[in-house]
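Each chain, letter by letter, is given below.
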Amino acid sequence: MNNSTLPQAFQSITCPACGLLCDDIHLARDTTDNLAVTQNGCQKSITFFGRPALSSSAKINGKPASLDEAITRAAQLLSASKQPLFAGLGTDVNGMRSVMRLADKSGAVLDHMNSNGFMRNIQVIQNSGWQVTTLTEVRNRVDLLVIIGSDVVSILPRFFERVVWNKESMFGQDTGKREVVYLGGRDLDTNPGISPDGRKPQVLPCDSAHLPEVVATLRALVSGKKLYATEVAGITISDLQNLAERLAKAQYSVVAWAPPALNFAHAELTVQNITELVKTLNKTTRSSGLPLGGSDGDMSANQVCTWISGYPLRTSYARTYPEHDPYHFSTERLLNSGEADTLLWVSSFNPERTPPATKIPTIVLGHSAMTFEQVPEVFIPIATPGVDYSGIMFRMDNVVSLPVEQLRTNDLPTLSAVMSAIEEACTC
Amino acid sequence: MLTKLTGGKVYDPANKIDGQIRDIYIRDGRIVERPLEHEPVNQEYNLSGKIVMAGAIDMHTHIGGGKVNIARMLLPEDHRGDPVAHTELCRAGCGHVAPSTLTTGYRYAEMGYTAGFEPAVLPINARQAHLEMGDTPIIDKGGYAMLGSDDLLLRMMAAKRDQNAINDYVAWTMHASQAMGIKVVNAGGISAFKFNQRFLDLDEQNSHYQVTPREVLNTLSRAVYELGVPHPLHVHGNNLGVPGNVETTLNTMAGVEGYPIHLTHIQFHSYGTEGDRKFSSGAARIAEAINQRKNVSADVGQILFGQTVTASGDNMSQFRNAHLGSPHKWVCMDIECDAGCGVVPFKYKDQNFVNALQWAIGLEIFLLVDDPWRIFLTTDHPNGAPFTSYPHLIKLLMDKTFRNDVFSRISPDAQAMSTLASIDREYSLYEIAIMTRAGAAKLVGLHDRGHLGAGAGADITVYTDQPDREAMFAKPDYVFKDGELVVKDGQVVKVTWGATHTVKPEFDRGIEKEIKKYFDAYHTVNMEHVKVTDQHIADDGRGRVQVHECKGRREKTTA
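Sequence lines, in order, name chains A and B.
This note's numbering numbers the first residue of the first sequence as 1 and each following residue consecutively.
This note's numbering numbers the first residue of the second sequence as 429 and each following residue consecutively.
Treat the hints as calculated values from the structure; they're not laboratory data.
Computed from a prediction, not measured in an experiment: that's the story for all the values here.
Note that beta-carbon positions come from the ideal geometry of N, C-alpha and C, so glycine has one too.
Among the hints, a few may not be true.
[Stated by the list, open to error] Incomplete in silico selection of chain A near chain B, CB under 7 angstroms:
#, residue
1, S12
2, V153
3, M170
4, P403
[Claimed, not checked] Taking lysine-lysine and the PhoX-like style, the derived pairs with C-alpha atoms no more than 20 angstroms apart in a straight line are:
#, chain 1, residue 1, chain 2, residue 2
5, A, K283, B, K757
6, A, K279, B, K757
7, A, K283, A, K249
8, B, K945, B, K588
9, A, K105, A, K63
10, A, K59, A, K82
11, A, K283, A, K225
12, B, K945, A, K167
13, A, K167, A, K177
14, B, K922, A, K105
15, A, K177, A, K225
16, A, K167, B, K944
17, B, K922, B, K903
18, B, K478, B, K432
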């Protein structure tokens with residue numbers, strides 16, 4: 001392998017470490033192929049690019065094996081499987097295309113490691129739809145940002161830097177005067193919401209478990225309903241009334257939520273209250289929802305699954321045609337019920353996203369630095385998109401796709417190459 | 429390898445062949461002249477008694493890009509009714525209103541279509557449109573890049589930048605988006621909606637830029653013309669769906685100073701305000717205007733009764749009409765200070781006065797426009813109906829008895845407002861071949877498609893002549909794509925990957941400095957990352973990029 005064709009320093013590189021896909025990263029590569037972020041980094045990108053370049057071999061039951069042997073073993077397991085489950089799915093567009101091909105051939109169910117969160121959004125789309133926006137619109141238009149139950153930055157570290165406290169904006173807005181409100185959650189890091197001139201955001205805290213009634217109350221107030229209660233979950237109605245009035249007066253409010261932070265039963269109903277209050281606001285002014293997510297390739301996997309099968313994730317090819325069900329085809333349910341008998345787990349960005357504990361045979365196509373508490377039947381270390389090879393990924397807003405670049409050369413195969421080889425060897 | 433198609437009845441309007449018996453020879457994917465006597469024919473198809481046309485071209489169909497995928501996500505209940513299992517040859521998927529990409533490709537080919545053009549490629553989302561089309565097998569594809577509500581164009585117009593700078597920006601966008609044309613959607617209106625304007629008529633100013641839709645249309649139609657882009661500016665008018673919008677549409681035709689324009693899904697823009705319900709047909713006036721103005725072409729955007737989904741860049745109109753949708757769920761998005769989208773499911777009903785009259789208006793336009801080279805067969809898939817209903821639509825055009833029979837069953841109030849039953853015209857096979865082949869190829873700028881002359885790509889469809897035109901056009905006997913037999917008896921027999929058609933007009937690269945500075949200041953992505961490369965399109969062995977000629981006309985105008 002020859003690295004001499006790749007430069008030692010990179011500019012304007014896209015970072016796949018979170019859903020923002022910041023594409024302004026500067027990096028340096030040393031003689032041993034280790035990368036370091038030199039400009040515009042955040043904790044996530046520094047960790048992501050800083051993982052050493054490990055060459056690691058495939059393993060069968062924890063013992064080193066050749067790539068061919070591992071592929072043959074994986075193909076045997078899938079050929080013998082009555083109901084394979086392809087989960088994790090941390091990959092780029094071409095990786096996901098290869099997953100779709102093998103899933104169709106082998107009758108697999110498809111689910112992403114982040115589905116518990118973003119399925120809440122999908123359920124809302126399928127029930128009532130929504131009105132949402134994208135990052136450049138936020139950057140140039142937002143005058144009131146309401147964040148529900150999240151600090152944003154633990155998911156998307158550079159969110160405020162990139163789209164809230166940006167200096168220039170298209171329409172002459174004084175971005176320093178933007179208003180930020182954190183509604184719900186406890187002990188959040190709200191410092192990034194402080195404006196450049198030191199103005200603090202409004203914080204209306206409550207336990208996350210109480211977000212359903214707080215958000216429902218806000219929606220009622222936005223809809224002009226009169227309430228007899230004086231407080232809800234420790235937040236006064238007058239504070240919420242005031243927020244409702246500011247939303248009505250704002251020219252372009254943005255209401256953001258992070259599905260993983262809404263971690264209670266039927267959180268989709270709370271998401272729906274957010275998206276429906278946004279629709280109500282749009283009767284007289286402009287407002288948009290903004291779902292926050294997009295890590296580990298979840299948007300990419302979902303987009304590709306949707307155009308190739310006609311359905312979003314949690315789709316099954318078991319009956320030779322695709323079927324979609326956000327409840328039945330969850331990884332958790334298929335493993336707990338015993339319906340899935342072989343698990344193929346894909347995680348090419350993050351060695352820490354290992355498969356869930358299970359007794360069924362497991363094939364892991366994972367980051368080369370991955371280690372396991374429970375040794376899988378087959379482990380094939382694969383290349384990471386945006387480090388080891390070039391690919392395409394979708395950003396958190398589900399609209400913008402960006403090229404991610406190869407930054408070093410090594411022997412790790414791409415997911416697509418491994419899946420194609422398994423497909424060849426499969427008798428399913 | 430030489431293939432001979434022997435003795436078919438050929439309809440090839442580009443070469444003025446109207447139902448004559450001809451032999452066609454194919455070598456290496458192209459149609460060739462009759463070879464020398466001694467040259468061996470490797471394969472021969474006896475087409476005696478069969479109808480032969482070039483492969484059909486859908487010049488306006490939403491088959492790729494974010495809004496289509498949103499439509500897929502939105503409507504699992506619709507797709508559940510049309511599961512498509514995998515076969516030895518074809519992969520699984522699903523059909524109906526927003527089919528999976530794979531099923532889209534197979535079904536187009538099975539209907540004898542060999543190319544489809546996605547009309548709403550947002551430059552910022554162009555890569556996704558190409559990725560989806562890249563997973564659409566067999567057919568060729570391409571797209572029109574959307575401009576007209578993007579901040580940079582409106583900003584340049586507000587600053588009174590000269591036409592040359594705007595032409596450079598338009599050309600840059602076409603390169604970056606790998607586009608075949610430029611489309612404008614509700615000119616300036618998608619932007620105006622973001623500033624909380626709810627309507628934007630032709631001479632009304634966008635409140636921020638003080639620019640009117642008429643100025644946008646003039647600027648862009650001139651740019652497209654001067655750059656030599658073969659496809660005229662593709663115009664989705666202002667005030668879609670609004671009763672009385674026939675005036676806006678007529679003014680739009682009159683207002684572009686004679687530059688060529690194509691008015692898309694014109695049915696949705698041909699409504700008057702007469703009658704008790706203040707909703708009437710403007711078809712006669714629209715058809716008359718098209719007949720008179722040779723710089724204008726249109727596709728119809730016919731609605732057909734049943735469930736569908738509307739997917740459009742025009743989120744101002746989609747938001748306005750969302751409450752009419754069924755099932756009642758919809759998605760509207762503002763996108764990157766570049767564009768927008770709105771996805772609203774609709775169920776058109778024959779007993780609903782408005783829907784029934786929309787149906788009649790579309791057919792009136794088809795039948796009252798004289799020149800089939802300037803009117804095109806579309807349902808604006810999936811907005812008026814899914815593309816799989818084309819054979820039914822062809823029968824409505826070719827069979828007056830059938831048409832009047834359907835007409836007699838629609839809402840009686842709508843019947844009373846339509847002249848449809850009094851129109852005797854029936855489209856001929858030759859006219860259908862113009863609309864769906866020769867005319868479409870000419871309009872899009874495909875020099876080697878849509879005809880059967882020597883040198884053309886061997887995209888050929890063979891039908892059995894049947895009195896029931898719906899049955900005939902639904903199931904061709906043979907479809908050849910680039911000379912390969914891909915469909916037999918209406919079933920895919922070989923899966924290939926078609927080309928992506930683009931144009932690359934000449935421009936002054938100096939404009940990139942300005943665009944880069946603009947992206948750095950205001951956007952969330954680097955300008956370089958907006959560009960769709962050939963690799964992004966042809967990766968993974970899917971197809972190739974075919975660049976068509978653009979003859980610049982810059983010297984004919986001054987700044």
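Given pair status - K432 of chain B, K478 of chain B, alpha carbons within 20 angstroms: With Cα atoms ~14 angstroms apart, K478 of chain B and K432 of chain B stay inside 20 angstroms; holds.
Straight-line alpha-carbon gap K167 of chain A to K177 of chain A, limit 20 angstroms: holds, 11 angstroms
Pair hint K945 of chain B and K167 of chain A, alpha-carbon separation not exceeding 20 angstroms: The hint holds at about 15 angstroms.
Restraint check, 7 angstroms cut-off on beta carbons, for S12 of chain A near chain B: Hint holds; S12 of chain A Cβ to chain B Cβ min 5 angstroms, cut 7 angstroms.
Interface hint status, P403 of chain A versus chain B (Cβ within 7 angstroms): holds, 6 angstroms
20 angstroms Cα cutoff - pair K177 of chain A, K225 of chain A: Answer violated: K177 of chain A to K225 of chain A is near 30 angstroms, above 20 angstroms.
Restraint check for K283 of chain A with K757 of chain B, where alpha carbons must lie at most 20 angstroms apart: holds, 16 angstroms
Cut-off 7 angstroms, beta-carbon criterion: hint that V153 of chain A touches chain B: Cβ of V153 of chain A sits 16 angstroms from chain B, so the hint is violated.
Proposed proximity, K944 of chain B with K167 of chain A (alpha carbon, max 20 angstroms): holds, 17 angstroms
20 angstroms Cα cutoff - pair K279 of chain A, K757 of chain B: OK: K279 of chain A and K757 of chain B at ~11 angstroms, within 20 angstroms.
K283 of chain A paired with K225 of chain A [C-alpha distance capped at 20 angstroms]: holds, 16 angstroms
Given hint K903 of chain B paired with K922 of chain B - CA-CA distance at most 20 angstroms: Holds, at roughly 16 angstroms.
Figure legend: structure checked against the earlier numbered hints; hints not met, in rising order: 2, 9, 10, 15.
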